[in-house]
Amino acid sequence: MVRLSDLPEVDVAHLLGKECDAFETSPWVTGPPVAERRIAIVTTAGLHRRGDRSFDIRDTGYRVIPGDVAAEDLVMSHSSVNYDRTGFQQDTNVVFPIDRLREMAAAGEIGSLARFHYSLMGAGWLPHEIEPTAVELAGMLKEDKVNAVLLSPV
Amino acid sequence: MRPPRFLWVPFDLGRPFGAPNEPEFQAKVARTALALLERDDGPVLLDDFPEDAPGGPSGDMSGWVCPVSLPTPKAEAGSALLEEVFAEIERLAPWYAFALEERGRTTFGLCKRDIEDVVRFLDGFMDGTPDNPLPDVTLGEAVRLASEDVRSWYLEAATAQPGAARPRELADWFWGETAVGRFYLALQPVLATHADERVRQVATGQFVPRSQRHRQG
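Those sequence lines, one after another, are chains A and B. Using our numbering, the first residue of the first sequence is number 1, and each one after it goes up by one. Using our numbering, the first residue of the second sequence is number 155, and each one after it goes up by one.
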């Protein structure tokens with residue numbers, strides 16, 4: 001998330017005017033050290049494999065990104081035009097740091113990488129609207145024995 | 155919204171791990187975020203990442219110049235503008251090819267057409283309704299994906315030159331200095347009055363970024 005002082009005024013006004021749900025509780029769990037964690041990336045950047053369906057503006061679904069995905073197979077069809085794509089165009093890791101996590105797994109800094117990672121299109125949803133998708137994803141992550149998720153919004 | 159663990163980073167929107175082709179910096183961001191998992195002083199942890207992305211903060215304009223000198227803008231609309239766009243594409247094509255070779259990938263291609271055909275599809279709205287090139291999606295989505303494709307193609311070509319251009323400089327170049335930027339700005343009001351509701355929605359919210367709408371006067 002950028003500093004508000006680095007954004008044009010119209011974008012500042014838009015972001016500050018956004019409606020945000022208030023939560024009464026704060027979920028909190030602790031777990032094993034990072035070196036023992038199995039980690040998945042979940043991004044709201046609207047990424048998907050080239051052959052997958054592109055994201056539509058009212059799309060609450062997700063796309064599966066296999067752990068062995070090749071960078072050239074990843075494209076972005078997020079509906080917002082108000083953020084930078086040029087970083088991702090030059091290097092997928094600026095949004096989806098799969099190579100960094102592969103390196104960290106090889107070096108023993110993290111336990112392992114998930115078999116599958118997931119992508120959603122993050123614009124315009126209030127938490128309760130996207131919750132059923134989140135619950136479904138959580139179930140699949142558990143099946144994959146994932147016990148830590150790196151969330152990557154744009 | 156007070157998520158349990160959150161690392162705030164001062165990077166441009168669209169670059170949550172800082173900057174492209176900066177593996178050490180990206181790893182540092184990932185490591186810092188994951189380290190929050192080992193902290194037990196929650197239930198809410200909001201930490202700040204202390205460093206700016208390589209290349210400086212977004213507001214720090216470093217004076218990037220496009221590798222291709224484009225002709226002085228002329229046409230505001232019509233077939234003369236379309237010809238300028240095609241001439242511009244011809245000048246940028248070697249840079250796009252270079253980017254593709256260098257990176258081994260492209261994010262262009264959502265419409266599964268070449269760049270000239272994608273532009274022609276968009277231009278078809280200037281005096282009617284062109285055939286949808288993507289039968290699996292609505293006409294409005296096809297407009298959105300086409301506009302995404304053209305921007306991707308241009309910006310991948312523009313960033314082929316060595317040197318780190320800031321996102322805002324690149325956006326200002328696309329919208330303020332290119333014929334295709336003028337083409338988009340001329341097309342937007344036409345799309346905004348199209349008979350198809352989804353096309354109108356795309357024109358209103360997903361065609362010109364908020365920060366560039368001042369160019370429409």
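Misleading hints may appear alongside valid ones.
Said to hold, decoys possible - Take a look, some chain A residues computed to stay more than 10 Å from chain B by CB distance: (1) Asp6; (2) Ala22; (3) Gly61; (4) Tyr62; (5) Pro66; (6) Gly67; (7) Tyr83; (8) Glu103; (9) Glu109; (10) Arg115; (11) Glu131; (12) Val135.
What the hints assert, rightly or not - Listed next, with one range per pair, are the computed distances between beta-carbon atoms: (13) A/Arg115 with B/Pro225: 50 to 56 Å; (14) B/Asp202 with A/Val12: 16 to 22 Å; (15) B/Arg367 with A/Leu16: 16 to 22 Å; (16) B/Thr283 with A/Pro33: 54 to 60 Å; (17) B/Asp268 with A/Ala105: 54 to 60 Å; (18) A/Pro127 with B/Gly232: 21 to 27 Å; (19) A/Val135 with B/Ala234: 34 to 40 Å; (20) B/Arg367 with A/Arg115: 41 to 47 Å; (21) B/Glu256 with A/Leu16: 26 to 32 Å; (22) A/Glu36 with B/Glu178: 30 to 36 Å.
Hints in this document: simulated from the structure, not taken from any laboratory. Since the model is a prediction, treat every value here as computed from it, not as a measurement. The C-beta atom is built at its ideal place from N, Cα and C for all residues, glycine as well.
Could you tell me which of the hints above the structure violates, numbers in ascending order?
1, 2, 7, 8, 9, 17, 18, 19, 21, 22
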